[in-house]
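Between the sequences and the hints, there should be enough to build the whole structure, so can you do that?
Here my numbering is used: the first residue of the sequence shown is 1, the next is one more, and so on.
Hint data in this document are derived by calculation from the structure and do not stem from the laboratory. Note that the structure is a prediction, hence the values are computed from the model and not measured. Don't take each hint at face value.
As a list, the in silico SDA-like pairs of lysine to any residue whose alpha-carbon atoms are at most 25 Å apart [unchecked claim]:
#1 K130 / Q156
#2 K88 / R172
#3 K88 / R52
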Amino acid sequence: MRGPDPACRSSEVTRSGPNNPAGPGTARARVDAIDACLPQTQCTRCGYPSCRDYAHAMAAGESDINRCPPGGELLIDRLAALTGVAVKALAEELGGYQPQRVAVIDETWCIGCMLCVQRCPVDAIIGAPKRMHTVIESWCTGCELCLPPCPVDCIQMHTPRGGALDAQAWLREQAPLARARHQRRSARLAREQVQRRAAQRLPALGERRAYVAQAVARVRQRRAPLAAGQMRVSLARPPGLRREPTKPGLDRADEE
Numbered sequence: 001m002r003g004p005d006p007a008c009r010s011s012e013v014t015r016s017g018p019n020n021p022a023g024p025g026t027a028r029a030r031v032d033a034i035d036a037c038l039p040q041t042q043c044t045r046c047g048y049p050s051c052r053d054y055a056h057a058m059a060a061g062e063s064d065i066n067r068c069p070p071g072g073e074l075l076i077d078r079l080a081a082l083t084g085v086a087v088k089a090l091a092e093e094l095g096g097y098q099p100q101r102v103a104v105i106d107e108t109w110c111i112g113c114m115l116c117v118q119r120c121p122v123d124a125i126i127g128a129p130k131r132m133h134t135v136i137e138s139w140c141t142g143c144e145l146c147l148p149p150c151p152v153d154c155i156q157m158h159t160p161r162g163g164a165l166d167a168q169a170w171l172r173e174q175a176p177l178a179r180a181r182h183q184r185r186s187a188r189l190a191r192e193q194v195q196r197r198a199a200q201r202l203p204a205l206g207e208r209r210a211y212v213a214q215a216v217a218r219v220r221q222r223r224a225p226l227a228a229g230q231m232r233v234s235l236a237r238p239p240g241l242r243r244e245p246t247k248p249g250l251d252r253a254d255e256e
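Given below as structure tokens:
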């Protein structure tokens, strides 16, 4: 069995806490070092929304090193060596280590609801609304987050066709790829949110412009009879006494 990855053995990362407020290195470096050891399944079983958030919690001393079932005992050993925390068994409430599995969609039952597509943390599920969805097996992290939202239970977990990777092989080969896919997805979702907010502002701006245009039209409509009356009075005067009618919105001081 190979030793820990270079990223996990390069330097010790002491967790911050009451007795060690900061620890060696910057906070970002501590989080990066811990995150580099995690399997990047983004399964949330640790109680955090992402592996990166779990790394933040460990670096801050807010969570323990034994809350990642996909990493198993190997990950606990690596995190213990990295953080200086004593090795301990995987938290009982999280269940035991489970070999790698991937999601498989029964395409005969898929209704194209897009719920699994929206939930996958690494964009491993592709499909369009009301069209059949499918899983890119080599991208699937086995997080199982796509199972609960499926309204027809057409998703099952199976051993990969090429055989399951053990924890060490996954951490070495697949974790960096899964991290990159999750980061790309997060960046895309952030861009889409900005675009949606901008699109929501456009109708409001259009409504304001329409309101102003309507107000201007109403004012012009009210002033039209006044302008016509001034014109009739002016035409009734002898030619030498005629004067141009007062323009709507222009007072005498402006005329003079």
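Verification of the hints:
Using a Cα cut-off of 25 Å, the hinted pair K130 and Q156 holds, with the two alpha carbons roughly 20 Å apart. Simply put, K88 and R172 have alpha-carbon atoms about 22 Å apart, close enough for the 25 Å limit, and the pair holds. Proximity of K88 to R52 is assessed by CA-CA distance (about 21 Å); at most 25 Å being required, the pair is judged to hold.
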